[in-house]
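Chemist: Below, each chain spelled out in residue letters.
Protein chains: 2
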Amino acid sequence: MRKMRRKGLASMAVQTAETATNTTNPAVDLGPAAALSCRECGHKVPLGPVFACEECFGPLEIAYDFSAYDADELRKRIEAGPANIWRYAPLLPVPADVATKPNINPGWTKLVQADNLARELGVTGGLYVKDDSGNPTHSFKDRVVAQALEAARAFGFTTLSCSSTGNLAGAVGAAAARAGFRSCVFIPHDLEQGKVVMAAVYGGELVGIEGNYDDVNRFCSELIGDPAGEGWGFVNVNLRPYYAEGSKTLAYEICEQLGWRLPDQLVVPIASGSQLTKIDKGLKELIALGLVEDRPYKIFGAQAEGCSPVSTAYKAGHDVVRPQKPNTIAKSLAIGNPADGPYVLDIARRTGGAVEDVTDEQVVDAIKLLARTEGIFAETAGGVTVGVTKKLIENGVLDPSLTTVVLNTGDGLKTLDAVAGTGLTATIRPTLDSFREAGLV
Amino acid sequence: MRKMRRKGLASMAVQTAETATNTTNPAVDLGPAAALSCRECGHKVPLGPVFACEECFGPLEIAYDFSAYDADELRKRIEAGPANIWRYAPLLPVPADVATKPNINPGWTKLVQADNLARELGVTGGLYVKDDSGNPTHSFKDRVVAQALEAARAFGFTTLSCSSTGNLAGAVGAAAARAGFRSCVFIPHDLEQGKVVMAAVYGGELVGIEGNYDDVNRFCSELIGDPAGEGWGFVNVNLRPYYAEGSKTLAYEICEQLGWRLPDQLVVPIASGSQLTKIDKGLKELIALGLVEDRPYKIFGAQAEGCSPVSTAYKAGHDVVRPQKPNTIAKSLAIGNPADGPYVLDIARRTGGAVEDVTDEQVVDAIKLLARTEGIFAETAGGVTVGVTKKLIENGVLDPSLTTVVLNTGDGLKTLDAVAGTGLTATIRPTLDSFREAGLV
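For the record, the sequence lines run as chains A and B. Numbered per numbering that gives the first Met the number 0, the first sequence spans residues 0 to 440. Numbered per numbering that gives the first Met the number 0, the second sequence spans residues 0 to 440.
Bear in mind the hints are in silico, worked out from the structure with no lab data behind them. Treat the hints with caution; some may be incorrect.
Identical chains share a label here; the pair holds if one copy fits it or two copies do between them.
Pairs of lysine to any residue, SDA-like flavour, derived with a Cα cap of 25 angstroms [unchecked claim]:
(1) Lys100 with Gly124
(2) Lys280 with Arg181
(3) Lys100 with Asp114
(4) Lys75 with Glu255
(5) Lys43 with Ile392
(6) Lys100 with Gly258
(7) Lys390 with Asp416
(8) Lys283 with Ala62
(9) Lys324 with Thr424
(10) Lys100 with Arg260
(11) Lys100 with Pro399
(12) Lys324 with Arg428
(13) Lys100 with Leu401
(14) Lys75 with Asp293
(15) Lys283 with Pro399
(16) Lys75 with Gly258
(17) Lys100 with Arg371
(18) Lys390 with Gly155
(19) Lys43 with Pro187
(20) Lys283 with Ala338
(21) Lys390 with Gly202
(22) Lys314 with Asp364
This one's a predicted model, so the numbers in the text were calculated from it and none came from an experiment.
Full structure from sequences and hints, please.
Modeler: Here it is as C-alpha cells:
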C-alpha cells in the first residue's frame, strides 16, 4: 500500500479507505443510501467520504435500500414534491427533509418537445430536448453539486471544494454561498477572465494554480491526504459517489415528464462518462421500482472529435479506452482519460446504442440549428449531442421513428466564443429607403 | 390634438388608431381580454394592434371580463396548470389553449427565501428574491414577449420585431424561432459583440442601424406606418398593450408562491416603469378576484443614480418626470424618458412605497452581496433592486419587520463587465507549501 501512495488516484483510494474505517458514523442520515458498494468487486463499506474500493481500487457507488417502496405511493409522493430534484429525495443519498435545507434547488428543467428540430432531422417518433441550461447556474453541474453538499453536511465538512475549468466552479461557489459553507475552488491560473468572474462572484476562495488542469487535480489529491485539507469536501473527489448520483435525476425527470414513460433512445454527452452511466442507473431503478414499464431503451454517447477516446474505442470494438490529448471547443467535455469510459462502452453496446463524435464545425452548426429551430441557446456540449443525433440519423444508426431525447447540459452564454462568427444580417441607415435597399422587406 | 401628431409617439398613436378601426376582427380570441381601454380617459376600442387612445393619446391597456370566475375554482385551475406563465392563462390576453401552442414557456421562476441576505440587511419579517434569471433566455422579457407572440398570432402577423439594446432582442429571437415566426430585430450597429451574438444565434434577421437607440426607435415607428412593415408585430410598440400584461405574471407567481398571500413590500426596478405598474395591476386583480386577502401592500421603485428620472421626481415631490440622459452600468434600466413614470410615482405614493436610486458602485456591491449570500448571480438590474432595498432599510423607509420581495429581472452572465474586477483570491504553485504560504488553510 505504501508503494501505491505515489500513484495519484490509487494513493487517494488507500488514504480515503483508511479514513472510511475511522470516521464513518452509523448515525449518518442520507435517506435510502445504505452503503457504498464497489462497482467492480461488490465489496461494501459504510457510507463515508471515500470513493475507491479498499479491496480492488474500483469506484465506489451508492447502494440503496428501496425495499419499503410501493410504486403507486412513491409515484404520488414524487408528484406531490417540489418542482426541483428534491421531489426524488426518496431515490437519492439525501435526508428526507433535504428540501427544507438551504441549497440552490436545481432540476425540474424543461423537457422541450422539439417539433421544429424533428422536422429538420426527419424524426417522426417524437424528439425532445432536455434543457439543463435552466438550472440555477445554468448547467447540469448544479444537480451533482447539490448531492455532494448534502454528503458534506452529513460528514461534518465545513469547506466545499473542487478542481474545475468552468461550470463546476460556479456551481460549487453558488451552492456553498447559499448553504453557508466556505468554498475554495482550484482552477488553472490562466483561465479566461469571463470564467474567472463567473466563479469568483459568489465570494468564495478562488485559487489559481500555476500549471494546467492535470496539475490542479494532482494538487487537490495531495490536499485531501494532508491535514490542511481536513474538513474539506471535494465534490468530485472524496464526495464523488454522492455527487455522481445527481445525474440520475435527469433520467427520473425525463421519464416523469414523458408521463412516466421510458424514451426509446437517449443521446447523452460524454466527459468522464459518469453522467451517462448514472442516467442508465436511474432508468434501471425506475424499471425495478415499477414506476415505468420494463422495456428496452438505447443510450447513445456523444463526443467531440477533438476529444473522442470513448467514441474511438467504440468504433474499434475495444473494451479499453486509450487516453487522448483534448483539442476541441467543447471544453466542458474535454476529458482525455474518462474514468467511466469502459462502463459507457458497456452500456452503449448492451442497450443497442452507439458512441459517435462530431467535428467542432459540426458542433457550431448544431448549436445554431437548435437555436434557430427551438429557441434554445446551448453550450458547446449541447452542440455535440445535437450534432451527434443528426449524424446518427444520417448514418442510419439512430431510428427516427422512435421517441428520442437529446440532452443539453449547459448554456450558450457560457461559450459565446463558439458562435462568435454569428452577427448582423445587415447594417443600414435609419431610413426606409436604406431598409428597402438592403432587401429586408 | 393635431399639434401632437408631430411628436413621435403621438404620431404613431394616430396611425395605429386608424388601423384599429380597419383591422379589428371580432373573431379574435384572446381569452378574457375584452377590449382595449385608455388608461387616461377610459375610452374603449376593440382588441387590435394599437397602443394609444384615438381620443386623448393616452396609453391603451387590456380590459378583461373576469365576471364568470369563482375564486376557489380559479385557484384550483391555476394550481393544476403547467409550471410556467400559462397557468395564469385565465387572467391573460391569450386563448385558453395557449399552452398547446409552440412558445418558449417562460415563468414559474424561483421565489428564493433569502435568509442569508435577510440577516445581512437586518430584515426580520421574511425576505424573498423573485429570480427571473431562470427564464429561458434568462430575463423577465420572456414573459412579455410571450404575450406579444400570442397577440401576433391572433392578428395574423408573420414577423415578430422590436428595437432593442440587449435582453429583448434575445427574447424575441428565441420566441420567434420556436413559434415559427420570422423575426427582424433592430439594434444600434455598434453594440458589443457579445450582445450581438446572443441575439443573432437564433437565426432571425438582426439589423444594425447606423445611429443610437433613439434613432433605432424612430426608424421602427416609421416602419410601422409604412407598407414595408405590414404584417409586422413590434412587440414593444404596436403590440405593447398585450406585451406589457406579461409583467402581471410576476405578481401572480409571487403571491401563489407565498401561499396565495400578498407580500407587505415589493422592490421593483424601473426602466419604462411598465413592469411596476403591471405588477400593481396584477396584485389588484388578485384582490378583486378573491384569490388573496384584501390588505395593503407597498411598492418601492428602484433606479440607478445615472438614470434616475423617476426617483428624482419622487424626491422632489413632482408628478411630472423630467427626462435624463442615461449614464449607468445598469443598461437594461437606462431609459431616460420612462413612459410610465407618472404612473409609477402615483403607485409608490398611493401604496406608501417610495422610489430610490443607488450609485453604480452600490450596484456592483449589491450584485456581489446577493451572490455571496444566496448564490444568485444577478444582472445589474438585480444589483439596483438589492442595493435600493439596502439603502431603504438604512434610511428607515422600508420596514425590515415586514415580508419583503425583491425582484431580480435578469442574469449576471449578461452583464459580466459590471463585476470584471472580481478575480482570483490567490495564485499559488501546485504544492502544499505554496498553499500554506498563501494563508488559505
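Chemist: It remains to establish, for every hint, whether it holds in the given structure.
Modeler: To see whether the hints hold, each was checked on the structure:
no.	hint	verdict
1	Lys100 with Gly124	between (41 angstroms within a copy, 19 angstroms between copies)
2	Lys280 with Arg181	neither (32 angstroms within a copy, 42 angstroms between copies)
3	Lys100 with Asp114	between (38 angstroms within a copy, 11 angstroms between copies)
4	Lys75 with Glu255	both (11 angstroms within a copy, 22 angstroms between copies)
5	Lys43 with Ile392	neither (42 angstroms within a copy, 55 angstroms between copies)
6	Lys100 with Gly258	between (29 angstroms within a copy, 19 angstroms between copies)
7	Lys390 with Asp416	within (24 angstroms within a copy, 38 angstroms between copies)
8	Lys283 with Ala62	within (13 angstroms within a copy, 52 angstroms between copies)
9	Lys324 with Thr424	neither (37 angstroms within a copy, 30 angstroms between copies)
10	Lys100 with Arg260	between (31 angstroms within a copy, 23 angstroms between copies)
11	Lys100 with Pro399	between (43 angstroms within a copy, 23 angstroms between copies)
12	Lys324 with Arg428	between (49 angstroms within a copy, 23 angstroms between copies)
13	Lys100 with Leu401	between (40 angstroms within a copy, 23 angstroms between copies)
14	Lys75 with Asp293	within (19 angstroms within a copy, 34 angstroms between copies)
15	Lys283 with Pro399	within (24 angstroms within a copy, 50 angstroms between copies)
16	Lys75 with Gly258	both (13 angstroms within a copy, 21 angstroms between copies)
17	Lys100 with Arg371	between (39 angstroms within a copy, 17 angstroms between copies)
18	Lys390 with Gly155	neither (47 angstroms within a copy, 37 angstroms between copies)
19	Lys43 with Pro187	neither (36 angstroms within a copy, 63 angstroms between copies)
20	Lys283 with Ala338	within (21 angstroms within a copy, 57 angstroms between copies)
21	Lys390 with Gly202	between (42 angstroms within a copy, 21 angstroms between copies)
22	Lys314 with Asp364	within (24 angstroms within a copy, 53 angstroms between copies)
Hint compliance for this structure: hints 2, 5, 9, 18, 19 are broken, all remaining hints hold.
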